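2 protein chains.
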Amino acid sequence: MGTRQEISALPPEADLARADSLAREIFSDVANKWAFLIIEFLGQRTMRFSELRNEIGGISHKMLTQNLRMLERNGLVERTVYPTIPPRVEYTLTEAGDGLRAVVDGMCGWTQRYLGHIEKSRSSFRASAG
Amino acid sequence: MGTRQEISALPPEADLARADSLAREIFSDVANKWAFLIIEFLGQRTMRFSELRNEIGGISHKMLTQNLRMLERNGLVERTVYPTIPPRVEYTLTEAGDGLRAVVDGMCGWTQRYLGHIEKSRSSFRASAG
Numbered sequence: 001m002g003t004r005q006e007i008s009a010l011p012p013e014a015d016l017a018r019a020d021s022l023a024r025e026i027f028s029d030v031a032n033k034w035a036f037l038i039i040e041f042l043g044q045r046t047m048r049f050s051e052l053r054n055e056i057g058g059i060s061h062k063m064l065t066q067n068l069r070m071l072e073r074n075g076l077v078e079r080t081v082y083p084t085i086p087p088r089v090e091y092t093l094t095e096a097g098d099g100l101r102a103v104v105d106g107m108c109g110w111t112q113r114y115l116g117h118i119e120k121s122r123s124s125f126r127a128s129a130g
Numbered sequence: 001m002g003t004r005q006e007i008s009a010l011p012p013e014a015d016l017a018r019a020d021s022l023a024r025e026i027f028s029d030v031a032n033k034w035a036f037l038i039i040e041f042l043g044q045r046t047m048r049f050s051e052l053r054n055e056i057g058g059i060s061h062k063m064l065t066q067n068l069r070m071l072e073r074n075g076l077v078e079r080t081v082y083p084t085i086p087p088r089v090e091y092t093l094t095e096a097g098d099g100l101r102a103v104v105d106g107m108c109g110w111t112q113r114y115l116g117h118i119e120k121s122r123s124s125f126r127a128s129a130g
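Protein sequences appear in the order of chains A and B. The numbering of the first sequence is full-length UniProt numbering, which starts it at 1 and goes up by one. The numbering of the second sequence is full-length UniProt numbering, which starts it at 1 and goes up by one.
Because the hints were derived from the structure by calculation, they are not lab data. Bear in mind the structure is a predicted one, so any value in this text is a computation, not a measurement. Please note that the accuracy of each hint is not assured.
Since the list gives no way to pick out one identical chain from another, each pair is judged satisfied if it fits inside one copy or across any two copies.
[As the list claims (entries may be wrong)] Calculated cross-link-like contacts (lysine to aspartate or glutamate; reagent style EDC-like; alpha-carbon spacing at most 20 Å): (1) Lys33 to Glu51; (2) Lys120 to Asp29; (3) Lys120 to Glu40; (4) Lys120 to Glu72; (5) Lys62 to Asp20; (6) Lys120 to Glu25; (7) Lys62 to Asp29; (8) Lys120 to Glu95; (9) Lys62 to Glu119; (10) Lys120 to Asp20; (11) Lys120 to Glu78; (12) Lys62 to Glu95; (13) Lys120 to Glu51.
Just need the whole structure built from these sequences, with the hints factored in.
What follows is the structure in structure tokens.
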């Protein structure tokens with residue numbers, strides 16, 4: 001049973017500002033093709049580094065490492081090392097990562113749909129502001 | 001009826017890269033509290049600058065102007081000037097802006113839900129990397 005302390009009211013201003021800057025950072029980090037694809041593929045099943053690299057195709061070792069570290073750091077991907085010889089390393093989407101997947105799908109779909117519209121708007125905005 | 005030219009195949013690499021950088025920019029731009037709120041309120045109805053400012057509450061004139069210009073530039077908000085004396089200026093969410101609203105709702109909800117988890121992950125990632 002919840003005590004009074006556990007019932008949260010609206011978040012205070014400091015929390016809002018923190019959530020704000022965090023959201024900004026995360027959505028800017030994940031709004032890149034590789035992060036999209038990693039989240040998409042790991043959403044299907046747990047994979048090893050090499051499997052993931054094969055599935056995605058065209059991603060460099062370095063780029064995959066960087067993006068996996070970014071996702072791991074943000075708690076979106078979990079890295080598990082099994083003490084075999086050689087060690088087996090697997091990557092799994094966390095619950096937060098899985099939740100992000102739906103959001104990322106929405107971002108992707110929206111961008112594809114309105115890319116042309118946005119570019120047109122920008123050109124005419126420049127023209128009218130000039 | 002569509003000609004062969006109009007049937008689009010998978011977008012070529014250049015288009016993907018363009019969509020990629022555009023998505024990054026837009027989601028970073030809109031991932032701030034004020035843009036979220038503007039999109040939310042204009043999603044309910046067309047508003048004048050002063051109405052919008054009242055509804056949002058706590059936003060400065062400058063910050064509202066800046067965000068509206070950013071949204072207008074990206075084709076998410078349409079600004080209409082009626083030639084009355086004094087001129088009446090109204091802001092409406094475009095179709096692209098309305099589509100973004102659902103995505104933004106998802107971003108907001110996800111961030112609120114996983115804020116604590118993300119911060120905890122970051123701390124332990126720092127600790128284990130140190």
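Status of the hints after comparison with the structure:
no. : hint            : result
1   : Lys33 to Glu51  : within (18 Å within a copy, 39 Å between copies)
2   : Lys120 to Asp29 : between (25 Å within a copy, 18 Å between copies)
3   : Lys120 to Glu40 : neither (29 Å within a copy, 24 Å between copies)
4   : Lys120 to Glu72 : between (37 Å within a copy, 12 Å between copies)
5   : Lys62 to Asp20  : between (30 Å within a copy, 19 Å between copies)
6   : Lys120 to Glu25 : between (27 Å within a copy, 16 Å between copies)
7   : Lys62 to Asp29  : within (16 Å within a copy, 27 Å between copies)
8   : Lys120 to Glu95 : between (38 Å within a copy, 14 Å between copies)
9   : Lys62 to Glu119 : neither (31 Å within a copy, 25 Å between copies)
10  : Lys120 to Asp20 : between (29 Å within a copy, 17 Å between copies)
11  : Lys120 to Glu78 : between (40 Å within a copy, 13 Å between copies)
12  : Lys62 to Glu95  : neither (26 Å within a copy, 39 Å between copies)
13  : Lys120 to Glu51 : neither (40 Å within a copy, 29 Å between copies)
Figure legend: structure checked against the earlier numbered hints; hints not met, in rising order: 3, 9, 12, 13.
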